[in-house]
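A.B. asks: One-letter residues, chain by chain:
2 protein chains.
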Amino acid sequence: MAKDDKRPYVGVDLGGTNIQAGVVDHNHKVLGTKKVKTGADDGAEAVVDRLARTIEKAIDKANLKKSDVGGVCVGAPGTVDIKKGVVVNATNLRWNDFPLVEALTKQVDLPVTLDNDVNVGTWGEYRVGAAKEFKDVLGIFVGTGIGGGLVLNGELYHGHYFTAGEIGHTVLMPDGPIGRRSLENLASRTNAVNLLINLIRANNPSEVTDITGGDLTDIRSKVLAEAVQRKDALTLQVMRDAAHYVGTSIANTVTLLSLPCVVIGGGLTEAMGEPWMKWVRESFEKLVFPPELRRCKVVAASLGDDAGLVGAALLARDRLSMD
Amino acid sequence: MAKDDKRPYVGVDLGGTNIQAGVVDHNHKVLGTKKVKTGADDGAEAVVDRLARTIEKAIDKANLKKSDVGGVCVGAPGTVDIKKGVVVNATNLRWNDFPLVEALTKQVDLPVTLDNDVNVGTWGEYRVGAAKEFKDVLGIFVGTGIGGGLVLNGELYHGHYFTAGEIGHTVLMPDGPIGRRSLENLASRTNAVNLLINLIRANNPSEVTDITGGDLTDIRSKVLAEAVQRKDALTLQVMRDAAHYVGTSIANTVTLLSLPCVVIGGGLTEAMGEPWMKWVRESFEKLVFPPELRRCKVVAASLGDDAGLVGAALLARDRLSMD
Numbered sequence: 017m018a019k020d021d022k023r024p025y026v027g028v029d030l031g032g033t034n035i036q037a038g039v040v041d042h043n044h045k046v047l048g049t050k051k052v053k054t055g056a057d058d059g060a061e062a063v064v065d066r067l068a069r070t071i072e073k074a075i076d077k078a079n080l081k082k083s084d085v086g087g088v089c090v091g092a093p094g095t096v097d098i099k100k101g102v103v104v105n106a107t108n109l110r111w112n113d114f115p116l117v118e119a120l121t122k123q124v125d126l127p128v129t130l131d132n133d134v135n136v137g138t139w140g141e142y143r144v145g146a147a148k149e150f151k152d153v154l155g156i157f158v159g160t161g162i163g164g165g166l167v168l169n170g171e172l173y174h175g176h177y178f179t180a181g182e183i184g185h186t187v188l189m190p191d192g193p194i195g196r197r198s199l200e201n202l203a204s205r206t207n208a209v210n211l212l213i214n215l216i217r218a219n220n221p222s223e224v225t226d227i228t229g230g231d232l233t234d235i236r237s238k239v240l241a242e243a244v245q246r247k248d249a250l251t252l253q254v255m256r257d258a259a260h261y262v263g264t265s266i267a268n269t270v271t272l273l274s275l276p277c278v279v280i281g282g283g284l285t286e287a288m289g290e291p292w293m294k295w296v297r298e299s300f301e302k303l304v305f306p307p308e309l310r311r312c313k314v315v316a317a318s319l320g321d322d323a324g325l326v327g328a329a330l331l332a333r334d335r336l337s338m339d
Numbered sequence: 017m018a019k020d021d022k023r024p025y026v027g028v029d030l031g032g033t034n035i036q037a038g039v040v041d042h043n044h045k046v047l048g049t050k051k052v053k054t055g056a057d058d059g060a061e062a063v064v065d066r067l068a069r070t071i072e073k074a075i076d077k078a079n080l081k082k083s084d085v086g087g088v089c090v091g092a093p094g095t096v097d098i099k100k101g102v103v104v105n106a107t108n109l110r111w112n113d114f115p116l117v118e119a120l121t122k123q124v125d126l127p128v129t130l131d132n133d134v135n136v137g138t139w140g141e142y143r144v145g146a147a148k149e150f151k152d153v154l155g156i157f158v159g160t161g162i163g164g165g166l167v168l169n170g171e172l173y174h175g176h177y178f179t180a181g182e183i184g185h186t187v188l189m190p191d192g193p194i195g196r197r198s199l200e201n202l203a204s205r206t207n208a209v210n211l212l213i214n215l216i217r218a219n220n221p222s223e224v225t226d227i228t229g230g231d232l233t234d235i236r237s238k239v240l241a242e243a244v245q246r247k248d249a250l251t252l253q254v255m256r257d258a259a260h261y262v263g264t265s266i267a268n269t270v271t272l273l274s275l276p277c278v279v280i281g282g283g284l285t286e287a288m289g290e291p292w293m294k295w296v297r298e299s300f301e302k303l304v305f306p307p308e309l310r311r312c313k314v315v316a317a318s319l320g321d322d323a324g325l326v327g328a329a330l331l332a333r334d335r336l337s338m339d
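Order-wise, the sequence lines are chains A and B. Quick note on this note's numbering: the first sequence kicks off at 17 and runs consecutively. Quick note on this note's numbering: the second sequence kicks off at 17 and runs consecutively.
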């Protein structure tokens, strides 16, 4: 894959809130970055313009010129038709069938490619991160929501409708009440926080009250991690349950796809660290089938905050240097 | 794929109880078959000898000679290393790491290839059956157990450890009691029958008592289908629950892999027919994500009893005519 191409590429993380662009060299070192507000309310044309300017500023900050750079890959939130270069559906941006590759190529005058943001993060871990020894990988990212990406036979797997990897929406409680059936609704940070708030308001004692000074309106992953470190019984129970559901879904995916490696990332995973990973692995090992699949490596993501940028830049190189 | 090769191929269904061989022509017509007892107790060498003789008899019955035939594919129960041609693990046969391709090639003097029996059945449906318009397919077979096979990007997907497709062992009740967690333990015929027996013995009235003449020791799929036809409330409840779990697991797989087609086969599906399929589809459509994936076709298998033989013969042609 493009081993002779030593040019840097630009990876872009297009989110509902922020646009982040990074120039990444052939040793996957980040040479320069730029971050701006997405401003989705201004409409798609304005966002494309902002994307182009952010890419140009990141190239500036890397002390490079456009002609030094091989191309751009954008990781977009939502369903992406990679063949047409179209964002089929991105709720955060309120985009439907928007031809991003065409529009951005015109604005930025560089080769552009496109994929889903979670796929791009998974690609980064597969190419240079925690999964780099393996050809078949599930990437699962646990934060406010739960997303997933699949590399099968050394390629990103998109599926017929380009929506593959939606592990957060697989059902773990087929007989549960509505809103308590899917992995995301059972194990995301959003769910953990809502559960904790309800439990604390129902007079269950918790260190979370102390850590937040009683303000329960902005409980972040770090608060949860701190409460676990203090061995707060309530938070421990909520987080162990969440880890159990994540471990179950990972077991199901490995059972179905016979995977050698699962990489777990996302804000909650990063904040919680090893106790969380251990609980996830315990449920995984208990439930995967056949038991030989316990050999599958279930590991924490290694690229952290840069996974999106680095993954996108690597995908840009892997796709565009062929052209 | 081997379009110019008009030779017939032999498909073999190697089960724990029976060996069945069939000669199949290039229009996937079965020209001759032969069935014998497997006799796994006699040891692997004896089974290989029996396989060779059964293949030869099927060729005889098709009025052909060995030299007319392009080769053989065996569908084996268990984990198969298709690269090495080895049966890694087959509980029914009590085989571990048995080099079947090498052993059978010597005995039968024809090119031999090998795959898992459920994969072979899925391949048949993909190539000439209910899934023939699609490149990404889940085959799920519901009978005494529940097995699955995956075709992704037009190829059988085996996974790193060659165990892919084990949908029956995915967990739908992470908090359920042991033995009531996996799809197979919630929705196989074995489970439905055990549930019914327990319910009938606990004095719940059921047409099943009438249909079987009170002998509950041998309730087959046809008995369940007949009870459903008679609108027996108890059997309807048990079978609707089973269909709900099957539909949930199918939804999870389609959500994860963004599939355009799922084929459902197996003894229970064949006996139950349309009411069962309708119940499965209802749960599938309710739970799949995103809702656009309701477009995925969830259809009954079309090759019936011949799926194993025809699938294996097609796989033999697709693999061996390249040689």
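Hints listed in this document are in silico derivations from the structure and should not be mistaken for laboratory results. Any given hint could be a false lead.
The list makes no distinction among identical chains, and a pair is therefore deemed to hold if it is satisfied within one copy or across any two copies.
As the list claims (entries may be wrong) - In silico lysine to any residue, SDA-like type, Cα no more than 25 Å apart, as pairs:
no.	residue 1	residue 2
1	Lys99	Glu171
2	Lys247	Gly55
3	Lys294	Asn169
4	Lys22	Pro306
5	Lys99	Arg310
6	Lys53	Pro307
7	Lys302	Tyr177
8	Lys81	Asp65
9	Lys294	Val244
10	Lys151	Phe178
11	Lys99	Lys151
12	Lys302	Ile194
13	Lys50	Phe178
14	Lys100	Phe150
15	Lys100	Glu149
16	Lys100	Arg310
17	Lys148	Phe178
18	Lys82	Arg335
19	Lys100	Pro307
20	Lys313	Tyr177
21	Lys313	Asp191
22	Lys77	Thr228
23	Lys100	Glu171
24	Lys100	Pro276
25	Lys148	Leu232
A.B. asks: Compare the structure with each hint and give your call.
C.D. replies: Evaluation of the provided hints:
no.	hint	result
1	Lys99 with Glu171	both (14 Å within a copy, 20 Å between copies)
2	Lys247 with Gly55	neither (41 Å within a copy, 58 Å between copies)
3	Lys294 with Asn169	neither (28 Å within a copy, 35 Å between copies)
4	Lys22 with Pro306	neither (43 Å within a copy, 39 Å between copies)
5	Lys99 with Arg310	between (36 Å within a copy, 22 Å between copies)
6	Lys53 with Pro307	neither (47 Å within a copy, 30 Å between copies)
7	Lys302 with Tyr177	between (33 Å within a copy, 18 Å between copies)
8	Lys81 with Asp65	within (18 Å within a copy, 71 Å between copies)
9	Lys294 with Val244	within (13 Å within a copy, 46 Å between copies)
10	Lys151 with Phe178	both (20 Å within a copy, 14 Å between copies)
11	Lys99 with Lys151	both (22 Å within a copy, 16 Å between copies)
12	Lys302 with Ile194	between (27 Å within a copy, 11 Å between copies)
13	Lys50 with Phe178	neither (29 Å within a copy, 44 Å between copies)
14	Lys100 with Phe150	between (29 Å within a copy, 20 Å between copies)
15	Lys100 with Glu149	between (31 Å within a copy, 22 Å between copies)
16	Lys100 with Arg310	between (39 Å within a copy, 22 Å between copies)
17	Lys148 with Phe178	both (24 Å within a copy, 20 Å between copies)
18	Lys82 with Arg335	within (18 Å within a copy, 48 Å between copies)
19	Lys100 with Pro307	between (41 Å within a copy, 22 Å between copies)
20	Lys313 with Tyr177	between (29 Å within a copy, 13 Å between copies)
21	Lys313 with Asp191	between (31 Å within a copy, 24 Å between copies)
22	Lys77 with Thr228	neither (38 Å within a copy, 80 Å between copies)
23	Lys100 with Glu171	both (18 Å within a copy, 24 Å between copies)
24	Lys100 with Pro276	between (31 Å within a copy, 19 Å between copies)
25	Lys148 with Leu232	neither (40 Å within a copy, 55 Å between copies)
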